[in-house]
Amino acid sequence: MKKGREILKDNIEKTTIVLFSGELDKAIAAFIIANGAAAFDQEVTLFFTFWGLNALRKDEHVAVKKGFLENMFAKMMPRGANKLGLSKMNFGGMGPKMIKHVMKKHHALSLPELIELAKEQGVKLVACTMTMDLLGLQKEELMEGIEYAGVAAYLGDATDAKVNLFI
Amino acid sequence: MKKGREILKDNIEKTTIVLFSGELDKAIAAFIIANGAAAFDQEVTLFFTFWGLNALRKDEHVAVKKGFLENMFAKMMPRGANKLGLSKMNFGGMGPKMIKHVMKKHHALSLPELIELAKEQGVKLVACTMTMDLLGLQKEELMEGIEYAGVAAYLGDATDAKVNLFI
Amino acid sequence: MKKGREILKDNIEKTTIVLFSGELDKAIAAFIIANGAAAFDQEVTLFFTFWGLNALRKDEHVAVKKGFLENMFAKMMPRGANKLGLSKMNFGGMGPKMIKHVMKKHHALSLPELIELAKEQGVKLVACTMTMDLLGLQKEELMEGIEYAGVAAYLGDATDAKVNLFI
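As given, the protein sequences belong to chains A, B and C, one line each in that order. Each residue of the first sequence is one higher than the one before, starting from 1 at the first, in our numbering. Each residue of the second sequence is one higher than the one before, starting from 168 at the first, in our numbering. Each residue of the third sequence is one higher than the one before, starting from 335 at the first, in our numbering.
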């Protein structure tokens, strides 16, 4: 027989989002949905894989030993939430500036603020260890307060969830 | 106790699709899935956000007051379903022409026809008010027969749905 | 009354993935999730539509009669899993080479190996017949061991599934 606590936990709706894309607009969409679901007391997991990992990178350079290709990836990929481009109308960086400007004007939270809010609301931010290996990203280069897991853990969460998105 | 009508409504399968992307091919895919689900008597919600809103714009210019950046966005973004580009092989507009040509040849519905069919079948077309604000799009600029809502309404629909996609 | 076998089948979790995108990185992500779910004994369907169909093309040229536009599509689209580009940092083909190199270094399965594994694990690979028609792709041009169906069959699978992704 299930105990009260377990029954309660079973009743909590779950949402998972895979953030595969490394663009500012898609990351904003992912965090707005994640924060919205968390505000409805849902258990939310954001799983960062491939280019999506760039949203979790620290702004500053972190000195870690890397192979040649891993170093090239690290240099070419945007370092953190403030450096991401747009999926449309990027115009060499003008687009992201425009979007950030209108977001500020409309008092919308910026991506770094959306990430902070997600952490405060208990959204589970998970970095995909397999693609970290491939792209040569190390834990020291990613922000604090995140978890590390592989596709099996993601699938465990997703199978329990009502809403599963791939962004 | 639930009444007969409510029980019936609970048994209807629900599908939600977020259309984030502003490309012709992705919009076509979204509407084909939406129309297919509606043909199976499912309750379908298409939620248009970011560049996806462009599929709902009227073809003609609508005179509305806008700020400078909002005007730039409005000018740079495609005006309506007939103006969208492709996510692949766009070739400065040749790609969309080729796709439209082969669709006509194979008697496939065009995007404007798919949108009409969706409305006829009762697919709920919802424009995301938050991104309308950001991109400076006003109700007068979007087609008739759509609804307006935010992420909370989307999440309400998605939590009830079996199939939830982000396109 | 349901028989034992049917009850058992009802208890199997199902996962569906629409692969719309024709890029190497997205195809890899789709197959890693599909193979992971299959390893957990889930019933997995990968539905290939639009550019995603290119991952199923045979490497070699197949002589089939085609119209002019269909021939152009066939020539411009990548022929098979080994020819796909990246969604980010493609650099005219350098990016895919870098990714393949680091995948080999980390003993990760290549895309053709992931496809083979998926077949061995019984993942259902389904080519969307409607977009095959549009792009002029014929069965002879696609790999062996796949199925052919339309959006109705996809929706049937998706409505039964817990996890549904659009990639």
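Treat the hints as calculated values from the structure; they're not laboratory data. We treat Cβ as the ideally placed atom computed from N, Cα and C, and that holds for glycine. Keep in mind that the hints are not guaranteed to be accurate.
As the list claims (entries may be wrong) - DMTMM-like, lysine to aspartate or glutamate: derived pairs with alpha carbons at most 20 Å apart:
#  : chain 1 : residue 1 : chain 2 : residue 2
1  : B       : K291      : B       : E237
2  : B       : K225      : B       : E237
3  : C       : K496      : B       : E210
4  : A       : K162      : B       : E210
5  : B       : K306      : B       : E210
6  : A       : K65       : A       : D133
7  : B       : K267      : C       : D467
8  : B       : K181      : A       : D133
9  : B       : K181      : C       : D491
10 : A       : K58       : A       : D160
11 : C       : K348      : B       : E237
12 : A       : K14       : C       : E347
13 : A       : K162      : C       : E347
14 : C       : K473      : C       : E404
As the list claims (entries may be wrong) - If you only want the chain B side, here are some residues facing chain C, beta carbon under 7 Å, derived:
#  : residue
15 : I179
16 : D192
17 : K255
Query raised in the report: Against the structure shown, which of the earlier numbered hints fail to hold, in ascending order?
Result: Hint check: 1, 5, 8, 10, 11, 15 fail, others pass.
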